[in-house]
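A.B. asks: Chain L is already provided as a structure; the job is to place chain W on it using the hints.
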Amino acid sequence: MADQTIEPILAKSAASGAPAIAAPVVVAVPKSRRPRGLGHLLEQEHILAGALLAPTLVILTLFIAYPFVLGIWLAVSDKVVGRPGNFVGLQNFWVNLNDTIFLRAFQNTFVYTFIATALKLALGMGAALLLNQHFRFKRIVRAGMLLPWIVPTVLSTLAWQWMFDATFSVFNWMLLNVGLISQRILWLGDGTMAMGCLILVNVWRGMPFFAITLLAGLQTVNPDLHEAAEIDGANAWQRYWRVTLPLIKPIMLVVVLFSMIATFADFQLIYVLTRGGPYSSTHVFGTYAYEIAMRAAKLGQGASISLFLFPFLLMVIVFQLWYIRRSD
Amino acid sequence: MAAPRYGSPLKRAVTFYIPLTVMVGTTLFPFYWMVITSVRPDVELYNVKMNPFFTLHPTLNHFYYLFELTMFPRWAWNTLFIAVVSTGISLFCGLLAGYALARLQFRLAPSLGTVIFITYLVPPTLLFIPLGDVVKAFGIGDTPWAVILTYPTFLIPFCTWLLMGYFKTIPREIEDCARIDGASRLQAMIRISFPLAVPGILSAGIFAFTLSWNEFLYALVFLSSPQQKTIPIGVFTELVRGDVFYWGPLMAGALLGSIPVALVYSFFVEHYVTALTGAVKG
Chain L
0 MADQTIEPIL AKSAASGAPA IAAPVVVAVP KSRRPRGLGH LLEQEHILAG
50 ALLAPTLVIL TLFIAYPFVL GIWLAVSDKV VGRPGNFVGL QNFWVNLNDT
100 IFLRAFQNTF VYTFIATALK LALGMGAALL LNQHFRFKRI VRAGMLLPWI
150 VPTVLSTLAW QWMFDATFSV FNWMLLNVGL ISQRILWLGD GTMAMGCLIL
200 VNVWRGMPFF AITLLAGLQT VNPDLHEAAE IDGANAWQRY WRVTLPLIKP
250 IMLVVVLFSM IATFADFQLI YVLTRGGPYS STHVFGTYAY EIAMRAAKLG
300 QGASISLFLF PFLLMVIVFQ LWYIRRSD
Chain W
0 MAAPRYGSPL KRAVTFYIPL TVMVGTTLFP FYWMVITSVR PDVELYNVKM
50 NPFFTLHPTL NHFYYLFELT MFPRWAWNTL FIAVVSTGIS LFCGLLAGYA
100 LARLQFRLAP SLGTVIFITY LVPPTLLFIP LGDVVKAFGI GDTPWAVILT
150 YPTFLIPFCT WLLMGYFKTI PREIEDCARI DGASRLQAMI RISFPLAVPG
200 ILSAGIFAFT LSWNEFLYAL VFLSSPQQKT IPIGVFTELV RGDVFYWGPL
250 MAGALLGSIP VALVYSFFVE HYVTALTGAV KG
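As given, the protein sequences belong to chains L and W, one line each in that order.
If you read the first sequence in numbering that gives the first Met the number 0, its first letter stands for residue 0, the second for the next number, and so on.
If you read the second sequence in numbering that gives the first Met the number 0, its first letter stands for residue 0, the second for the next number, and so on.
Chain L on its own, in the form it takes in the complex (with noise of 0.2 Å):
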């Protein structure tokens, strides 16, 4: 990805007369004021590089790599919090195979990160074309959208338990009131419902970075192009389609990888809203290798829990990397 910029810009400069900046720049530097010592060093750009890179390798080394590798030992073995584990080959996998609340938290991860997903992206839309259009106070609104996304999640979430209250609920308050229910809604009580209530929630607080993602790549769009549309007899919804969405669908397509990863990999906002409850019915991947790993202290039982994220992140990394490429 640096080198394809670096290349044009470095045929340009030679191109225009000036050869003694391309490759070694130091030739261009006169020898009596070239540095010595570590600063010499530093004008070669390979050491340099090395040394800007090494903080960060550094940090990414020992709190991702290591830990990740780590994360697969524990998943082959029996540790426990307390006492070291031993080799234990695919065990904690045939376990999890064979555990029904596993087998649940499956389902559940991939039906949350589908649907929420599938909302917020026509919600987003949505926003994000209402947004497009010129109103008063519309640097508020548009400031204002972004405030769920901001706040923290844990928050904003309890707000929304209590929302959610089975005794104090503001909505059944309401929908008792207008007479629309008899009878107070659980709203957390079951499995689907609550599935339902975290769907909810996490579109509530997604949407925004789809709203505004989308209109940064609304605003991209020529205003010419669907004039020229206009003229030619399309209609508003053919523009859309026709015109606006081809022109979007990159950014759309990043912005859908992001929020599937992110949603995928979830924790925070079911273990606040249903702690994986009622009955374990609402358990995800996150939450359940949480439950046994820390609750449970069963650490490799856990970890190899955690592991089953990996096969789907690594689909959408390489696909997202294939897709950068390509587009390069």
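Derived from the structure by calculation, the hints contain no laboratory data.
Check the hints yourself; a few may be wrong.
Derived DSS-like pairs: lysine-lysine, alpha-carbon spacing no greater than 27 Å straight-line [said to hold, decoys possible]:
no., chain 1, residue 1, chain 2, residue 2
1, W, Lys10, L, Lys137
2, W, Lys167, L, Lys248
3, L, Lys137, L, Lys248
C.D. replies: Chain W in isolation, oriented as in the chain L frame:
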């Protein structure tokens, strides 16, 4: 879409004002709910007959409870300290790495760029269990350093990615001119390119600050004693005892925990949006 021709007012209301109002209302309602809950006295909160949308007897009791009977001020300080230091570390690393990847010629540049992009997409959920062991092995479990050193795992890739994109937009020729005037490679970087990247640094910093202020999983796993907790963890774990939720103080804490990020955000909306969109475009 640019030309303001919208047809009849009725059509405009149905296709624009009504959806917009619904959207804004839904977005902001939970925040209204935090505010109103935090000032209603308990007798009203737990009485289903009362209209829950307002109160005639606003009280600051829940805030008093939060400040006097919990460690909320301490959590607020921890959150701020952790967010500032981990953002600082991440900006420092991300600035240097972003510059190197965008500007310097070396063989590994493309593959390192890819590696950093991949780490950017690795979610904490995948790593928290083994990372807990690593943190313990370093002897920093249950100290602020447990999260200060682990937050950069998702902040650095983000900062690097954003600043790399930013450096690519700064014309290379500016630095080349400085080089011809006798500046060393390092001087050109520090004196010429870094000052030009300040808007990008600001965007990355604000975004990183809000990410670390809001982080939950690592803080939940690595920080256990009440005086070490951050606001999201403290409010969630210390104000819910068993099955009892202290809704008044909970909402007061949620409100106070949200205000600082909302304030920082409101001052730098444009920078934040740049970071948000830059983060996905790369």
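A.B. asks: Can you confirm whether the C-alpha distance between Lys10(W) and Lys137(L) stays at or below 27 Å?
C.D. replies: holds, 20 Å
A.B. asks: Do the alpha carbons of Lys167(W) and Lys248(L) lie within 27 Å of each other, as the hint requires?
C.D. replies: holds, 24 Å
A.B. asks: For the pair we were handed, Lys137(L) and Lys248(L), check the Cα-Cα distance against 27 Å.
C.D. replies: Roughly 25 Å separates the two Cα atoms, so the pair holds.
Violation of the numbered hints given earlier is absent; every hint is satisfied by the structure.
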